[in-house]
Amino acid sequence: MGGRESTLVLLDKNGIRCDGRKVTEPRRIMIKAGVLKNADGSAYIEFGDNKIIAGVFGPRDVHPKHMSNTDTGIIRCRYHMSPFSVTERKNPAPSRREIEISKVIKEALQPSLMLEKFPRTVVDVFIEVLQADGGSRCAAIDAASVALADAGIPMRDMVCACAAGKVADTIILDVNNEEDQAGQADMPVAYMPNLNKVTLLQLDGVLTRDEYKKCIETAIDGCKLVYQIQKKALTDKFFENGGDQ
Amino acid sequence: MASVLDELKRKEIVDLLARGKRIDGRSFDQSRPLSIETGVIPKANGSARVRLGDTEIVTGVKIQPDKPFPDLGDKGIFICTAEVLPIAHPDVEPGPPGEDVIELARVVDRGIRESGMIDMSQLVLEKDKSVIGIFADNSVVDHDGNLFDACSYATTAAILSCNVPKWEIQNEAPVLVEGHESDPPITTIPVSVTMGRIGEHILVDPNAEEWDCIDARITITTNSDGKICAIQKGGNDGFTVEQLLKCADISASAATKIREKLKQTKG
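Chain order of the listed sequences is A and B.
Each residue of the first sequence is one higher than the last, beginning at 1 in the working numbering.
Each residue of the second sequence is one higher than the last, beginning at 246 in the working numbering.
Chain A extracted, bound-state conformation (with noise of 0.2 Å):
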């Protein structure tokens, strides 16, 4: 969002952030892979002050028939945001942005998955953003990654997701809200680590072609660190010795 006057201080000349952060450190992330008893995979993040639910359901018949493909399985995504889960109540209805974020989630998602093995079947992903701050696309994305994979469902690589940005003219990683609000620039990236993709990059704000080039950079650096809580969170459910398999 173009740089709006504020009286906000984002980086104080010791490079700390307004929450205290340094230019490259995330905020904390906390993933439980699992958490949900009727859908068939599940996964629950806190990132910063986001708290988000992702639940899977499927492979599973298509309903209405007609979106059906007999060559592969198809995935549905549904980004939704709480009415309480920002200052000013939300309308529950689904929002434009709302609609356009789901779209890009599923993209982001489809890459890693193997639907070609599911015919005629759909996988449900349905994200539910109980208390939103910056980058809730992001870590809606991992906790989706994490739940389709606590699913069993066939995948090529997990994808991870973390924001870069531009504030006070530097590169930062993992945008927070009022970050996004009064800075320069906001990326949100998602990424597959193994298969070196990129499957979700947005940009809002300007940035000269360097500064493309290392906030690209910025977050997959934040992907990768996102990746080693991904994998946690999910050894953590499956190996009840803490991964140690």
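Keep in mind the hints are simulated off the structure, nothing from the lab.
The C-beta atom is built at its ideal place from N, Cα and C for all residues, glycine as well.
Just so you know, not all the hints are guaranteed correct.
To be verified - Computed far set for chain B versus chain A, every beta-carbon distance over 10 Å:
#	residue
1	Gln415
2	Val422
3	Asp457
4	Asp482
5	Lys508
Unchecked claim - Distance windows between CB atoms, simulated:
#	chain 1	residue 1	chain 2	residue 2	range
6	B	Thr432	A	Leu195	38 to 44 Å
7	A	Leu195	B	Asp428	48 to 54 Å
8	B	Asp428	A	Arg89	39 to 45 Å
9	A	Pro92	B	Thr485	48 to 54 Å
Put chain B on the given structure of chain A with help from the hints.
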């Protein structure tokens, strides 16, 4: 559910690419012919008809006083919509916009907004109470692929062609002052360039046949300084970092010619 014909078309497109050719004979980094006509809807404050190859858009801009957004009382408002009309393609049905069309409108909106094309601080009538609203509505009348760039050029041209009426606050309400129109406060001209990836090949401005075959796509918008101001990746596969850097370079060079063409529409 690809039909046999679709499969054959895809094979033809991929085979041609392997020999360095595109199905309509363009080079990989070449956009389709662009024609821009402004002032086509005299009842709108600004308008444009844009043809990008066989994709055709009519965009009208209406300007009227409105309330500012609660947290942005010192800025005018800009709202951008898109509709793919049923006349544009046999597969289009009337009704509320689907996710594709919502994404289209939001990507066009983001390019204009994040570039800072319009200086919104000059559109305030009374701080926190009354501002000028710019409403850009895109109608897709013929759909031959890459609606992102076609709508983006049409919106930009329609805004550039605007005559902004003058309002004065009297008794706390805006009153139109006749005969005092001015040019919109323009700071930069954003140009979006959409590229599709088929295998290893990056194609600028894919037409509808190519669009159906792309593995992934990316829209990169640059401003008059050549800086990147908005990006949207889409499609069911990803990009490597090398491909993303290449796309940024292609976008910056392809935008130059289009920006010159948009500049000529001003006034």
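Handout entry: Closest CB of chain A to the CB of Asp457 (chain B) still more than 10 Å away
Key = holds (14 Å)
Problem - Claimed clearance of chain A by Asp482 (chain B), with the beta carbon kept past 10 Å - result: violated (5 Å)
Handout entry: Beyond 10 Å from each Cβ of chain A, as asserted for Gln415 (chain B)
Key = holds (30 Å)
Exercise for the section: Given the hint of 39 to 45 Å, check if Asp428 (chain B) and Arg89 (chain A) actually sit that far apart at their C-beta atoms. Expected result: Between Asp428 (chain B) and Arg89 (chain A), where Cβ atoms are some 40 Å apart, the hint holds.
Exercise for the section: Grab the minimum beta-carbon distance between Lys508 (chain B) and chain A and tell me whether it stays above 10 Å. Expected result: holds (20 Å)
Exercise for the section: For Thr432 (chain B) and Leu195 (chain A), compare the CB-CB distance with the range 38 to 44 Å and indicate the outcome. Expected result: holds (40 Å)
Exercise for the section: State, for the Cβ atoms of Pro92 (chain A) and Thr485 (chain B), whether the hinted interval 48 to 54 Å holds or is violated. Expected result: violated (39 Å)
Handout entry: Beyond 10 Å from every chain A Cβ - status for Val422 (chain B)
Key = holds (30 Å)
Exercise for the section: Return holds or violated for the Cβ distance of Leu195 (chain A) and Asp428 (chain B) against the range 48 to 54 Å. Expected result: Cβ of Leu195 (chain A) to Cβ of Asp428 (chain B): about 50 Å, so the range 48 to 54 Å holds.
Hint violations for this structure: numbers 4, 9, all remaining hints satisfied.
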